[in-house]
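Asker: Mind docking these for me? Both chains are given alone in their own frames, and the hints should help you get the complex.
As a plain string of letters, each chain reads:
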Amino acid sequence: MASVSGSTAHAFRANTRAAIASPELQAGLARLQQGLTAERRMRGVVKLPEFERLRDAARDIKNHTLAHLDHYLAAYERAVVAGGGHVHWCETAADARQTILAICRRLGAATVTKGKTMIAEEIDLNEFLAAEGIEPIETDLGEYIVQLAGERPSHIIAPAVHKSKDQVSDLFFHHHQKYGKTRRLTEPPEMIDEVRGILRDRFLDADVGITGANFLVAETGSSLIVTNEGNGDLTQTLPKAHIVLATLEKLVPTLEDVATLLRVLARSGTGQEFSAYTTVSTGPRREGDADGPGEYHVVLLDNGRSRMLAGEFREMLRCIRCGACMNQCPVFAHVGGHAYGWVYVGPMGAVLTPHLIGLEEAHHLPSASTFCGACESVCPVKIPLPALMRHLREAAFEARLPPAAERSALGLWRFAATRPGLWRLLGAAGARLLARMGGAQARLRRLPLAGGWTSGRDLPAPEGETFHTLWRQRGRR
Amino acid sequence: MTSARERILGQVRESLGRREGDGSAERAAARIAARAPNLVPARAQVPAAEQVELFLRLAAEVQVSHERVASPADVPVALARYLASHNLPTRVRRAPDPALDALPWASQPLLEVQAGKAEPDDAVSVTGAFAAIAETGTLMLLSGRDSPTTLNFLPETHVVVLRRSQVIGTLEDAWTKLRAHGEMPRTVNFITGPSRTGDIAQTLYVGAHGPRSLHVILIED
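As you go down the protein sequences, you meet chains A and B in turn.
Going by the numbering used here, 159 is the number at position 177 of the first sequence; the sequence numbering is gapless.
Going by the numbering used here, 554 is the number at position 6 of the second sequence; the sequence numbering is gapless.
Note that these hints are calculated values from the structure, not bench results.
Just so you know, even glycine gets a beta-carbon here, dropped at the ideal spot from N, CA and C.
Misleading hints may appear alongside valid ones.
Claimed, not checked - Some chain B residues judged to face chain A by a derived CB distance under 8 Å, without partners named: (1) Leu557; (2) Arg561; (3) Arg566; (4) Leu659; (5) Ser691; (6) Gly730; (7) Thr740; (8) Gly741; (9) Arg744; (10) Ala749.
To be verified - To give an idea of the chain A side of the interface with chain B (calculated C-beta under 7 Å), a few residues: (11) Asp215; (12) Pro235; (13) Leu237; (14) Glu238; (15) Thr242.
So that you can see chain B by itself, here it is in the shape it has in the complex (with noise of 0.2 Å):
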């Protein structure tokens, strides 16, 4: 009695005609461990300064707004700002990110400002992010102790504090950055804009199950 995945692998090698010692193994083992870059576009081979104005402008075409602060300090005065000229709720989630802890959210009184996972009814997140890839727009964030999944998905409104020095290049520098961080996170987020759909009639709505702002504020580090 063979097992299914005796008999699935079985009939791969009976299909691909695979003789033991052709060498497949090997080429195969080597492509894993050479993790190869194949073509990169040229689009983000650029110079760090252009890959951050590369990455908000990409980053605006699908809806992700932006503000620029000159300091970590700056950031709980332009989120408030941000919040209120938005009509938005002053409670925020906000990842329980040694980074966020170390802000002076004291210092805007009217901001009610809690540390963890998301909550079914939180309106507003904060978050940090792991990097920023200038060729696409996107934002990437790894799940962790300091970085719940949720924050990213469950409020219409996620807001994201990102250092200029966190902007990188491509897709491959995001893969080269991970795998220095250290083991594969449960989850990596790429977030390119908030949430849409096309699904009714064709026509693209933003605010579907997921965000329906995502805002960003770059500190000019």
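Looking at chain A on its own, in the form it has when it is part of the complex (with noise of 0.2 Å):
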């Protein structure tokens, strides 16, 4: 089981009354509600008639490699080699991290840029790298907006969503003096001139450049990156190595997958063609190359994926990290991925995150739903996000996690809800006793026992009969 330093997900609750209670969050979650979802997505998807056969295709690749990984890592492994790479094989986090500290003291790294990666999060690199006094440097803008302020990305592909313009001069204005930027800039395309600025420095005198994977090729032993800024063709092209940070789940088979893929991904993320930079890397400089990176290393990481292939939660190694189901969720929509605690969030955080820190730790997670299905309905993969989540619930439920009176109170409705004749009774007597509480206006103002469903509107009282009386009255029909 991964460390789980750092992370406050057994605080949901405490975590999403902060979440609503900051009007920055507020303002981020709105502007990307109108920026990144729902609408831009389908305006990427329109332009492609085949895009729902493209999703099956995409969730057939997956299913396909998932189920033949064995062979597939094997077989990527020995393309990585053939291509003067090298593979290491690390189990925990804390393996991976070792690994990568190898390869940085070798090379006498100072600095390592890196590009926007997920697993290094989940590994909490930059914290170590730091105290081991090798200077970890985020090269994505909105990674590195996040660095300058000590926090997590609150959302896998708008890692700095939650941060407002102003919020971001104040970071660059305080953060940039050192390097001699006095002004303070307010206008983001001076903004981003300055960081601009500042990272091509540290670019180039970079000793090692460590970059995430989208997808790995089993057949060529490539790795690729899909990015709109271009800080990770630098962070790869410019040290003298370049270490690739992924999870076994990456592999695809062909450059024929990754194509389908390809027209999954970022449409269903940003709502775009195509992103603005797609590369595929393998091995090393070759002999006559003018540039690029010596070294080409693969730190190939399980962390527990390798048991998530034995069950149901095989289906959540499908994912493909393109934030839709984050866009589309209407929890996230109100408390923003930092509420989640963890690194992964939204819905494809509430399935993974209980697998890589634990149920204990995580299990409000799978409760942050309404079960409205729109994750499910745009995940590139067809993930059953709901499904999963439901089931991570009863998991929970078995394992005694929730508050005992939630689990008394479930039980007392399991108990009713099993036997017909009890529920037929209650729900009948409910029903009168609702009608009379919500008097002439047939609405009731506080509902006692779940404040928390009226304290922020009217609950309709019920009216006529039950649905048990109706059917049995008009015989059935």
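Answerer: Structure, rendered in structure tokens:
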């Protein structure tokens, strides 16, 4: 089990209250709703008439790959080695950190540039490297902002979505003084220019560049990254060594399979036809090349994935990290990513996180859902996220993780719901009681024992007979 | 003492319920060997002339500008005109590509053209391309002796000299052409527009870490 250092997933309820009370966060989430989400995805989707069938194809590719993962991992490793690269198999986060450290030490690295990688967040790489005296430099603008703020990303493809323009301006003003940048900038183009200039020098100085991978290709031993800024490419091209940090489920069989997945990846997340930069990397600099890294290392991390393959949660390993599920989730839209308390957020985080840091720590997350099904309906690889969340809720109940009152209430509900006669009796009595409480307006201002439901709205009181009664009266029609 | 590799693969096999001789190894090997396309969208499966127009239209949608010229000999003058009209420096770093070597650079005495990889203060780069993909308006460049990768990312302006015959339809066509070319290069860059970011307040700005401008000079060969 991974370390749960830095997780506040256990405090989900308190996190959500803080999130809802934060005006900056709420403004950011509103911008996300206007900018990134349903409409933009839809604009991308309608341009491709085959999109729904491509989702099926994408799901099938990942299912096939996971069902044959042992063979594809072995084929991938052979191809990487044939291309002059190295594969480092790592079972745990600690193994991956030590492997990366050893490479950095051997090369005498003082600074490491990083492309955007959620796996580095998963293994707390920045903190670790900094403690070892190696400076990690995030180069994706959103990740850079979050790093300056000392926070985690709050969205897997829009890490700084919770930050307002003014907050970013403050951060740059404060942190760029040491580079002699003493003027407060307020317009995004000049803010971006300043970061470009600062990071350009860091790119050129870095000894090691670390990127994640969107896909690893068994056929060719290649890793792929998909970005819009070009930071990942500078990260991996300029230093002495390029380290790819990726988990087992990134495998795909062939370049043809990559083509299909690329067609649904950006379109689902940002609505783009294609991201600005899609880069296929295979091994180190070749003889005669004028540039490129001298070494190519793949840190191939398990961290719980091989066990997830065994059961129904194998479906979660299809995830290609597009961000569509959190863009569409009504819960995420109100509480943002930090409320989830760890690395992965939104519906995909609610399913994945309990497997990585334990259900005891993260059992609230599968409950952070209205089960509206929006996430599943937009998932490019058709992961049944609500069903998987429901199964995690059941597991949490079995493990006696929810509070006693909640478990007792559910126990009582089950007692009644599995006894039809009792259920009808209670239903009819309850409906009559609530109708009387509703009075002439037929509305309840406050519901006893469940005040949360009526704290922001009235509950319409039941009127007339129960469904069972009507069903019987109308002759079962 | 088993290695991490053995333990991970062992756990994968156990989780999958793998049995020797279940045919799975053959299925995986066959899929890699077949390299079979999955569903390929119809959009770019059109005649070559339409592919060129589709490429230019989709590239324009992601802020790629272009100019058409009749022959390779017209490229230097088109480049000089583009740089002048955008108030860009006339010092240019170009890829050490034989096709670019052959162009009549001397016809434009104001251009200062040097071949090689990009240096930190280079403002303008000129490269060829391996292909252009109509389906997404994407340029495809391979790293190698003739085409340093840094030219695609360090300068603020990237000019790509493309021949009409290099425009292909789909991503699958790109893989086919790549395999026919030879072994996988260190880097394959698919470039769809200039560098961009939406990370400040969810508003899109062009020009993040890579080029701010991407311009195609299309030779109508």
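Asker: Confirm or reject each hint.
Answerer: So, going through the hints one by one against the coordinates:
1. At a threshold of 8 Å, the smallest CB-CB gap from Leu557 of chain B to chain A is about 6 Å, leaving the interface hint in force.
2. Interface hint at Arg561 of chain B: satisfied, since its Cβ lies 5 Å from the closest Cβ of chain A, which is below the 8 Å cut-off.
3. Checking Arg566 of chain B against chain A by beta carbon gives a least distance of about 6 Å; that is within 8 Å, so the hint holds.
4. With a cut of 8 Å, the hint placing Leu659 of chain B at the interface with chain A is violated, because the nearest CB-to-CB distance is about 21 Å.
5. The beta carbon of Ser691 of chain B is positioned within 8 Å of a beta carbon in chain A (closest approach about 6 Å), and the interface hint is therefore held.
6. Look at Gly730 of chain B: its Cβ only gets to about 11 Å from chain A, farther than 8 Å, so that hint breaks.
7. About 5 Å separates the beta-carbon of Thr740 of chain B from the nearest beta-carbon of chain A, less than 8 Å, and the hint is met.
8. At its closest, the beta carbon of Gly741 of chain B sits 5 Å from a beta carbon of chain A; the interface hint therefore holds under the 8 Å criterion.
9. At its closest, the beta carbon of Arg744 of chain B sits 5 Å from a beta carbon of chain A; the interface hint therefore holds under the 8 Å criterion.
10. The beta carbon of Ala749 of chain B is positioned within 8 Å of a beta carbon in chain A (closest approach about 4 Å), and the interface hint is therefore held.
11. Interface restraint check: Asp215 of chain A against chain B, minimum CB-CB distance 5 Å, threshold 7 Å, status holds.
12. With its C-beta approaching chain B no nearer than about 5 Å, Pro235 of chain A sits inside the 7 Å limit, and its interface hint holds.
13. With a cut of 7 Å, the hint placing Leu237 of chain A at the interface with chain B holds, because the nearest CB-to-CB distance is about 4 Å.
14. Hint on Glu238 of chain A holds. Least Cβ distance to chain B is approximately 5 Å, under the 7 Å limit.
15. At about 4 Å, the closest approach between the beta carbon of Thr242 of chain A and any beta carbon in chain B falls short of 7 Å, and the interface hint on this residue holds.
Of the hints listed earlier, those the structure fails to meet are numbers 4 and 6, in rising order.
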